[in-house]
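Peer 1: Residue numbers (my numbering), protein chains in the order written: chain E, 42 to 358; chain V, 42 to 358; chain C, 42 to 358; chain X, 42 to 358.
Hints were generated in silico from the structure; no laboratory data involved. Hints may be right or wrong, so weigh each one.
Repeated chains share a single entry, so a pair holds when one copy, or any two copies, can fit it.
What the hints assert, rightly or not - The list that follows gives simulated cross-link-like pairs (lysine-lysine, DSSO-like), each with its CA atoms no further than 30 Å apart:
no., residue 1, residue 2
1, Lys115, Lys206
2, Lys80, Lys97
3, Lys115, Lys80
4, Lys131, Lys180
5, Lys115, Lys164
6, Lys117, Lys210
7, Lys206, Lys164
8, Lys97, Lys210
9, Lys131, Lys115
10, Lys131, Lys164
11, Lys115, Lys210
12, Lys206, Lys117
13, Lys97, Lys115
14, Lys89, Lys115
15, Lys206, Lys80
16, Lys80, Lys210
17, Lys131, Lys89
What follows is the residue order along each chain.
Number of protein chains: 4
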Amino acid sequence: MEEINWRTDLAIDIHESLRDRAMTLPGVNETVEETPVGKVIRLEVSSKDSAMQMRKPPGTYVTIESPSLGLREKAKQNEVATILARELEKYLSSVALEAPILVVGLGNSQVTPDSLGPLVTQKILVTRHLRNFVPPELKGRLRSIMALAPGVLGTTGMETFEIVKALVKENAPQIILAIDALATNSIERLGITIQIADSGINPGSGVGNQRAALNYDSLGIPVIAIGVPLVVDAITLVENAVDYMTNKGYDTGRISQGQVDKPRIVRDILTRYFGSLFVTPRQIDSLVEDLAQVIAGGLNAAFHQGIGPDEISTYLN
Amino acid sequence: MEEINWRTDLAIDIHESLRDRAMTLPGVNETVEETPVGKVIRLEVSSKDSAMQMRKPPGTYVTIESPSLGLREKAKQNEVATILARELEKYLSSVALEAPILVVGLGNSQVTPDSLGPLVTQKILVTRHLRNFVPPELKGRLRSIMALAPGVLGTTGMETFEIVKALVKENAPQIILAIDALATNSIERLGITIQIADSGINPGSGVGNQRAALNYDSLGIPVIAIGVPLVVDAITLVENAVDYMTNKGYDTGRISQGQVDKPRIVRDILTRYFGSLFVTPRQIDSLVEDLAQVIAGGLNAAFHQGIGPDEISTYLN
Amino acid sequence: MEEINWRTDLAIDIHESLRDRAMTLPGVNETVEETPVGKVIRLEVSSKDSAMQMRKPPGTYVTIESPSLGLREKAKQNEVATILARELEKYLSSVALEAPILVVGLGNSQVTPDSLGPLVTQKILVTRHLRNFVPPELKGRLRSIMALAPGVLGTTGMETFEIVKALVKENAPQIILAIDALATNSIERLGITIQIADSGINPGSGVGNQRAALNYDSLGIPVIAIGVPLVVDAITLVENAVDYMTNKGYDTGRISQGQVDKPRIVRDILTRYFGSLFVTPRQIDSLVEDLAQVIAGGLNAAFHQGIGPDEISTYLN
Amino acid sequence: MEEINWRTDLAIDIHESLRDRAMTLPGVNETVEETPVGKVIRLEVSSKDSAMQMRKPPGTYVTIESPSLGLREKAKQNEVATILARELEKYLSSVALEAPILVVGLGNSQVTPDSLGPLVTQKILVTRHLRNFVPPELKGRLRSIMALAPGVLGTTGMETFEIVKALVKENAPQIILAIDALATNSIERLGITIQIADSGINPGSGVGNQRAALNYDSLGIPVIAIGVPLVVDAITLVENAVDYMTNKGYDTGRISQGQVDKPRIVRDILTRYFGSLFVTPRQIDSLVEDLAQVIAGGLNAAFHQGIGPDEISTYLN
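Just chain E, with the same shape it has in the complex:
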């Protein structure tokens, strides 16, 4: 039996890999909802043991899969934003209307596939500073929203966690929504999948660096992570290809026969060689723009109910 490719940020990728290996995961519940624009898959990971097996924290992982996201289909994309808003409202309903909320756009605005988070924050209708200046017609309909795109360690010299913790202490948000570009090991999910995780997020490749995580334990408030897979690493691509060929009946030698630990070989050999490559969808520039619109639309709708998207865009600068 092959080792799992862990180079993914999607719980659903891991869950599928384990299921393919016929592993039972007690305390993990999956439900699938079909919608006109795609599937909504809800994975509730309540057992600590199963969570550990999945290498994910316990929590709820909602995945929205909609091909419309990669096809520039505006009307369907608006539907996806509505589904996203509906999911987020579940977490916001317990937050008082006047309590501050912090949106954090993770990633590097200067690297296209990593710019999703910063792009989303630009499109959020922030309102915390308005307080007493809210136009009368909006009174009681606006939450108190802050947003920040802190940048990445390499351009700030600070862990994202340090910056967010400082703001949590100073400005006392009651919940954080963190947006980030993710990695996946399944090419068919690239760019068309939104994951909503109530267990928080590790910005960057926080492997083995528990201090860097943004979550309830580290910050004392709920952290809802919203991410879209936009990169596959080159090593994953190679593994996928070999698997694919094997599945199609081509003899790929000992490598695919489980006589050797394929992933380790691939990883060991190729890391130095391919480590500096990005694999992204071809239309990454326009794709990121569309996704930022969908996610910001979903957040704005969840935050400011009773205000239509057109009215919201009026108040954006």
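Fit chains V, C and X to the given chain E structure using the hints.
Peer 2: Then chains V, C and X, alone, in the frame of chain E:
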């Protein structure tokens, strides 16, 4: 005697206006240094009364004026960066080599004439996160630098001061360097002037909002503000033009004869009408790019002595 | 009586100035249509004498004025796009479905207020290259569209006219739609006005340079110009302000009393001084983005009838 | 013996593959020059048969390989620009000083790895329009340069060849320099290699489409192509990885034993699956920026001898 046009962030503009009116300012010392690339004007405002008359905090205001900044003259611009570095070293010399330093890029990256600060932070060689990972050849030559472009109130919902104060508490920088685009009332200084002020800065039009200032009093550490005038407001433009015509001997009526309070009229009448206009140099896009290069070059050189600009660009990502 | 400020590309500005001076213009017919999103003003200039007095070629000048364009009101902006499409269809109806059409985006993509044309071309659904590859479901519903943003003289070394003429000879379009950013002398029209002129366009400040014009005479096919005023020159701003103050009853001296030729004075004195300044709306970056969306939306709808905007965005890359 | 991976635009890649297979190529001459910043490899393909075997037109293919290009080493990059200028001068020396020259920036400015060509044209000092307006101090030192970034078929609806041919007819350039992003099958050349080919270029994946080529035969004037490999296709990546593992002694099954036609299998199976992916260097955004600077620097130096880079940047707008 006409009222002064206060719509400027440059101490030198105010100082000239007062001098033109033959007002004596005791406790204000001006020295001018001529260099091959332009003038360096040092204004030391030590008297509180004079400072109040200038509506500026006491402190030292160094102005570098170099036409090369607007003319795309790379070699001369590099000289300006060297002068900037020299001036900054005066403030850095008292900061221990290992003490963290925070660079703050003020302004809105999505509005060209306001994007100078964020652009500069992108070009800063940050190092604080490297700590124990510094390559041996750089040991003892790198300061510990952090950088952040927090965005503006309208896109974050937070005062810049709130964000910076939170970081000061959490990460304990010993000095702050804040970069911002400024306004001026003298069109001939637009885009070709760098002001270095050790009295800090009020981000945005912080008129009457003392809480918003970034300075020693509010943050407990020195704040060196580095700014370039990139906008003139439309009202200033009109005033300048009327003055100019008057000076040229054209009768501009009671307005220019001091029989009415011209600035108030102009301001009252025109604010609503022209309030939403920007006056910028025509080549603002390439100008901001060049200025960001000069300022980041000056900062990098001042921070990391003994490392040439080429070596620094190697470490930038 | 004051001289007219000719520093505008809008026929409606000139027409108003002349009307304010009680000048009769025989052979100029104006009709105004009120719509829920703004006014549509149709100026038919059929008399050569009146055209000469207006310093415009004879032709039809349709002006759509909608404050929604400057207010980020998406739904209303879509209405404006629909009105634009309706107006364009009048010119397209005589063009055979399979005849090639050329969209030209004038201006410099690297200078924000001048980037409208190039931005529009990016959003046009071009189809000429598809010919035999049109998906069956689109057969008979797509026109044959080409688009080019040739750049400006200073970055290409070629007159736009030279490039367009070369393409007309080679690729035989039957009609040209040329998009450009315009100047206006009326600040209140900045950014919220679309002019559609069937008499063509002079790219850049083609003053006195008849060879540079794109029109039926120079190219042998109809040229429909679609423009939005996005800059006011600094001299116009000053003139406007002096007029405004005069109208409000303030004595602005001989300058406003017609005893001197004000525009000439202002122009002579100020040209050198202010020549390098731009006056634009503050939110020029987001404004240009919205306007490009509206104009491209109008063009796509006019070209490809029966295909909804969502379907069109699907085919855009 | 394995089939060759033809998914490369570099002659040197093909030449190496053939040499590795011990194939003799009469009429192909290779010389290697070592410089302080990297290798310059000159491949002269004079035999038609060998050219056909290489699937390249006969001609000279100069390859500059310098790791500095990927390392942000400004000083060394300037050296590369000087080498590039030296190579280009060989082709320019036979062009009269006053004869017009056309620079064509191929590719899509909206897709980062494809934006090299358009970025270069922005940085070229164009001069053709100056003609009689050349400042006296530049007389006799400036060539007559035009530049155009025509866009790609999918955004213009026109073949690049159509646009260029039209301009050649109309404006009579005596030589064309065409800049483009290329593909390679050797990951180690990505982003650090400049190929100069005097046999012209096929924009886009012009496979089998001879009409689309820009070269002496199609345009009647010399076409010098300057390109940098910035993408590897996903299929190449997989092939490279399998080869690499095979070389390292891992059994990769019949696939690597030449018992099956590996490239065909990989291609057939994977095209649909991976066809929409890009593999690029991680730092593609800053890499493209640096490369555009190097290439434009080389072109400007080759065009306008006796004018230093600083003076050139002064005249750029």
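Peer 1: Determine for every hint whether it applies to the structure shown.
Peer 2: Evaluated hints:
1. Lys115 with Lys206: neither (36 Å within a copy, 37 Å between copies)
2. Lys80 with Lys97: So Lys80 and Lys97 pass the 30 Å test inside one copy only (22 Å; across, 48 Å).
3. Lys115 with Lys80: So Lys115 and Lys80 pass the 30 Å test inside a copy (18 Å) and across (29 Å) alike.
4. Lys131 with Lys180: Within. Shortest intra-copy distance 22 Å satisfies the 30 Å Cα cut-off; inter-copy 46 Å does not.
5. Lys115 with Lys164: both (16 Å within a copy, 14 Å between copies)
6. Lys117 with Lys210: neither (39 Å within a copy, 42 Å between copies)
7. Lys206 with Lys164: both (23 Å within a copy, 25 Å between copies)
8. Lys97 with Lys210: Only inside one copy: Lys97 and Lys210 sit 27 Å apart there, 32 Å across copies, limit 30 Å.
9. Lys131 with Lys115: Answer is both; intra-copy 25 Å and inter-copy 28 Å each pass.
10. Lys131 with Lys164: within (22 Å within a copy, 37 Å between copies)
11. Lys115 with Lys210: This pair counts as neither: shortest intra-copy Cα distance 39 Å, inter-copy 38 Å.
12. Lys206 with Lys117: neither (37 Å within a copy, 42 Å between copies)
13. Lys97 with Lys115: neither (33 Å within a copy, 41 Å between copies)
14. Lys89 with Lys115: Neither way: Lys89 and Lys115 sit 40 Å apart in one copy and 47 Å across, limit 30 Å.
15. Lys206 with Lys80: Neither. Shortest intra-copy (35 Å) and inter-copy (44 Å) distances fail the 30 Å Cα cut-off.
16. Lys80 with Lys210: Neither: 38 Å inside a copy, 45 Å across copies.
17. Lys131 with Lys89: within (23 Å within a copy, 57 Å between copies)
Comparing the model with each numbered hint stated earlier shows that hints 1, 6, 11, 12, 13, 14, 15, 16 do not hold.
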